[in-house]
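Chains as they are written, first to last, in our numbering: chain A, 4 to 146; chain E, 6 to 423.
It should be emphasised that the hints constitute simulated quantities derived from the structure, not laboratory data.
If you're wondering where the values come from, they're calculated on a predicted model, not measured in any experiment.
Take the hints with a grain of salt, since some may be wrong.
Unchecked claim - With the Cβ distance kept under 8 Å, some of the chain E side facing chain A (calculated, not the full set): (1) L182; (2) R202; (3) Q206; (4) V238.
We put the beta carbon where it would ideally sit given N, CA and C, even for glycine.
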Amino acid sequence: MSIPSEVLCIVCPLGCRIGVEEKDGEFFFRGGCARGKSYAAQEVTHPCRIVTTTVRVRCGEIPRLPVRTSHPFPKDRIFDLMEFLRSFEVEAPVQRGTVLARNLLGTGIDLVATRTIRRLEREGEYSKEAEAATSQSSSWPQE
Amino acid sequence: MPKSVEAEVVVIGGGPAGMAAAVSSWEHGARKIFLLERNPHLGGILNQCIHPGFGLHVFGEELTGPEYAERYIEALQKTGVEVLTDTTVLEVRRDRTVVAVNRNGVFAFHPQAVVFAVGCRERTRGMIRLPGTRPSGIFTAGCAQYLVNVEGYLPGRRAVILGSGDIGLIMARRLTLEGVQVKAVVEIRPTLSGLLRNYVQCLQDFGIPLLLSHTVFEVLGKERVEGVLVGEVDERGKPRGELRHIPCDTLLLSVGLIPESELLRKAGIPLCPSSGGPFVDEDFACDVPGFFACGNVVAVFDLVDYVTKSAERIGQRICKQKQEEPPPLVVRPGRGVATLVPQRIREGKEGFLYVRPKESFRKARLSFVQGGKEFYAVTIPICRPGEMIRLELSQVPWPGERGEVQVVLEGERHVDTL
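In isolation and in its complexed conformation, chain E is listed as follows (with noise of 0.2 Å):
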C-alpha cells in the first residue's frame, strides 16, 4: 500500500515551469508543497542549455540555461516548498490522487491542487518516418546536447542536422566548436523552423550550410550511420531533383517538440489537439477543477520566461479557492494560426494571449472573429513560425456574452532569403 500523504499543492516536474508554480503558490499563501522532479537535481532542461539567451524578459539580462534554472532553485530555497527529487509520477487520477515512487516507497498524495509542469518531448525518427537502416548515431538533438553539455561525450565526428529548430541550430555550433565537421542542416519547408539570431550566430558565423526544401531521404550505414541522401522537395514534400550523398557518422533530428501529455490523458484532463497539451484558461487551469498545467506541456512556448510567466499565475488562482463555473469563452484557432494558448477565457483581464503563426508573414493582421463578425484586430510588422506573438489579454475587448472566438492570421506571405 502507497503511503498516504496530505497536501495542499503537488507541482510535478521541477524545470522552470514547476519551480514558478511553486514559488508562486507559496508566495500566495498554500502550504504543504510538494515538488516533485524525476531527475536527481533541479532546472530541468535548463541545466543542459549551457549557451546565453534565457530571462531578457524576467531578469532583464542575458542568462545561459543553468544560470536562470538557478535563480530560481534559489528562490524555492527561500520558501518552504517539499522537493523530492529522484521521485518518479506513476500515476494522476481524476481524483486528484498522485501516485509517486521514490527510493523510500511509494506515496500517494492527496493535493486540492495538481500543476503538471512536466515538459515536452522531442520528435522522434519514427514519428517523421525517416527510411533506411538503422545504425547507431541517429539522435535527436535534446538528447545530444545531453550527451555533450552534461555528460561530456561526443555523439561522433561528421554531422548532418535535420530539422532547422532552435535546438538543432544550437547544436551544429555547440558541435563545431567541439571539433565536429556539421556538414549540413537540411530543412524540409522553404523557411527557418528556429529563430533568426540563432541562424546568424550558429550557422553563418561558421559556414554551415542550411539547405532549405530538403530533407534525408535515406539514412545508410550497416552498425553506425556512414551517409545520408539528401534531396530537395516541392511544395507538397515530393522529391525534385537528384539525391545527394553526405558522408557523415552522425544525424541529429531536430524536427519538433510535443507536449508530454500521457500523465494528463491517463487522469481523463481533456486535450487539445492542435497543441497536444490541455485546454487551459488565462490561469493555466485545465478543463477538470483542481488541475493545473504550465509551460510547455501546454504547449512549446520559444522563450523559457514565457514558460515562467505562464507558471506564475497559477498561485494566486490556486490560493482563490471560489467555486468555478466553467469559463465562458473558448478560443480557437483560424486560418493562419497553428496553435494558441490559453483557449478558455474567463476574464479576459490579466495574463496574456500566445499565438504561433503557420507561416512567415509580413504587414500581418491579427483579427478576432465571433459569430462571423470581426470585432477586434491588430496589425504586426513581421511574424514566423518560430517566434510566437503575444499580447495582453486585457488588450482585447472580449464579448461579455459566452461563446466561441476564432483567431485568424493574415499577410503578405514571407520568405527569409537565407
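Just chain A, with the same shape it has in the complex (with noise of 0.2 Å):
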C-alpha cells in the first residue's frame, strides 16, 4: 500500500491537510490538531471503513437487507468482503441488530442486519418484481 504524501483530514468540518513523511518506518505529521494528527496516523498504517452494503434475503417482504459491519474494515479487504458477500443470504423474518456472519474473513468484525424484515406468510403476497430483483443478484458484475 502506498503512503500518501498528505491527509485530509474529516475530524471536523475545517478540512485541513495534514502533511505524511515516512523516516525509518516512523511517521511524522505536518500541520492539524492533536485529534487530526491521530485520524491521520490510523489512515495512513491501518485505514478502516465501516462498510454497509444489501444481502439477499428470502422471503422477505422486501428483496434485499441492508447489512453493515460491527465494527471499521480493513479498507485494503473490502472489495474481498464485497465478493463474499454477494453469494450470502439469509432468510426473513430478521431483527435489526441480528448478527449474521461473524469473524468476516477472519478480521474478527461482524455483520449485522440494520433492518427488521418481517417474513411474507403467503406466497402471492411476494411479489413478482421483488422475485426478480432477487434472483438477478448472481448476475451481477464479477469484476
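Bring the two chains, given one by one in their own frames, into a single complex with the hints.
In C-alpha cells, the structure reads:
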C-alpha cells in the first residue's frame, strides 16, 4: 500500500491538510490538531471504514436486507468482503441488530442487520418484481 | 362522498420529519393523531440511505438510515398515533380539510392542525436543460439509490455522475462496491456541493476522478446511453476548451433537491422564493394558522438530525392552542446567504436558525442587520454551501419592535483544492 504524502482531515469541518513523512518506518505529521494527527496516523497505517451494503433475503417483505460491519473494516479488504457477500443470503424474518455472520474473512468483525424485515406468510404476497430483483443478484458484475 | 374523520392532528408524510412531529404531538398531549404515508413502510428516504452517518446529534452515535428510521418507528408504536400506510393525500384545503385515499376508500380529515412533512424531490434532467438524445440509462441519484439498495437492481455497468451533491458522492461509492465502473463525478461549480468527508470516503478512497468546473454538454446514445460529452466551464458557466467524450451506459444526476410544496401551494400557504418551501416561524408554524411544516419541505437540511429537531418543535406549539398574532420579526437572506430558516421569529428564545451559505468562506462573519444597522454578529472559522450554519436563536439579541432583519454572510473566499 502506498503512503499518501498528505491526508485530508475529516475529523471536523475545517478540512485541514496534514502532511505525512516517513523516516525509518516512523511517521511524522505536519499541520492539523492532535485529533487530526491521530486520524492521519490511523489513515496511513491501518485505514478502516464501516462497510454498508445489502444482502439477499428470502421470503422477506422486501428483496434486499441492508447490513453493516460491526466495526470499521480494513480498507484494503473491502472488495474481498463484497465478493464474499455476493453469495451470502439470509431468510426472513430478520431483526435489526442481529449478527448474521461472525469473524468476516478472519478479521474478528461481524456482519449486522440494519433493518427489521418481516416474513411474508402468504405466497402471493411476494411480488413478481421482488422475485426478479433478488434472482438477478447472481448475474451482477464480477469484476 | 369521502368518509368524514374527526382528528386533532393530521401529519402528512411518514419519514423522519413526520414521525418526529407525530411523536412530539402525542408527548405534548394531543390525541387523535393520524400519520399518513403513501408508501407501504414508514421511514421515507432513510430506508434507502443504508450508509452510516445519521444520528450523531440526536442519538449520540452513528447509525445507518434504516436504523435511524426504526428507532422512530419503535417510538411511534409506543404512542396512540394512528398510522395509515399506503395512503395518499390528494388535497389539502385552506379550511384544513385533508382528503386522502387508500384501499378502504376516500377520507376527509378535519383536524385542528395539519403538519406537512412531505420532504423534497430531486431536480431532474429537464430542470438543468441537459441537451442530447433521450435514451434509457439516465437516473436521478436518489432513484438509482432506491433501485440498488431497496429493489436490488443495478442501473448499469459504467456510470458518470453529474453533480457533486452528497447523494451523488454516496452513489459513486455504492456503485463502485457493486462492481460498476464510475468514470467521473462532474461538477459545474468550482467547489464540491456535498460534505468533505463524503469526498474523502466516497471518491478519494476509490480513486474516482472529480472534475470541478466541468459539466456534461451532451448525452449520446439512441436506445441506451452510450456516452457523454464533458467539458470545462468558466465562471459564467460558458464552455472553455475542447469537449471530451466519456463512454458510459449510465448517467446519474445529483443536481439538487427542492421542497415538495405542491400541496402547500394548492392550500394557499405562502411560500419562500429562496427555499421553495413555506415561510415558517421558530416552531415551524406556517403563515396560515393551523398549518405546520417540518423537515425537507421547509428547506433542504443537510442532516436528518436537524430534520428531527425541527419536527420536535411542533408538538408543544400545537398543544398550546392560543390565539395567534402574526410573528413580529421577518428574517431575510442578505448577501452571501442562499437560504435560511425560520424566516419568521416569534419570541426568538427556543429553537435554531439554519443558514445555508451561498459560497465557501474562511473567517466568515454572519451579521444581523436591522434598518441598515448591524446589531449582532458571529464569526465562523469556515463555511461551505454543503454545510448549514446552525445558531441557537437565544444567542441573538433580537430587536423588540416588529420589523425586518437581514442576515448577511461575508468572509475570505475559500476554495477547497481537491
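Here is how each hint holds up against the structure:
With its C-beta approaching chain A no nearer than about 5 Å, E:L182 sits inside the 8 Å limit, and its interface hint holds. Satisfaction of the interface hint for E:R202 is found here, the shortest Cβ-Cβ separation to chain A being roughly 4 Å, below the 8 Å cut-off. Against a cut-off of 8 Å between C-beta atoms, the interface hint on E:Q206 holds, since the closest Cβ of chain A lies about 7 Å away. Annotation: interface hint on E:V238 violated; nearest CB of chain A at approximately 24 Å, more than 8 Å.
Checked against the numbered hints given earlier, the structure breaks only hint 4 and satisfies all the rest.
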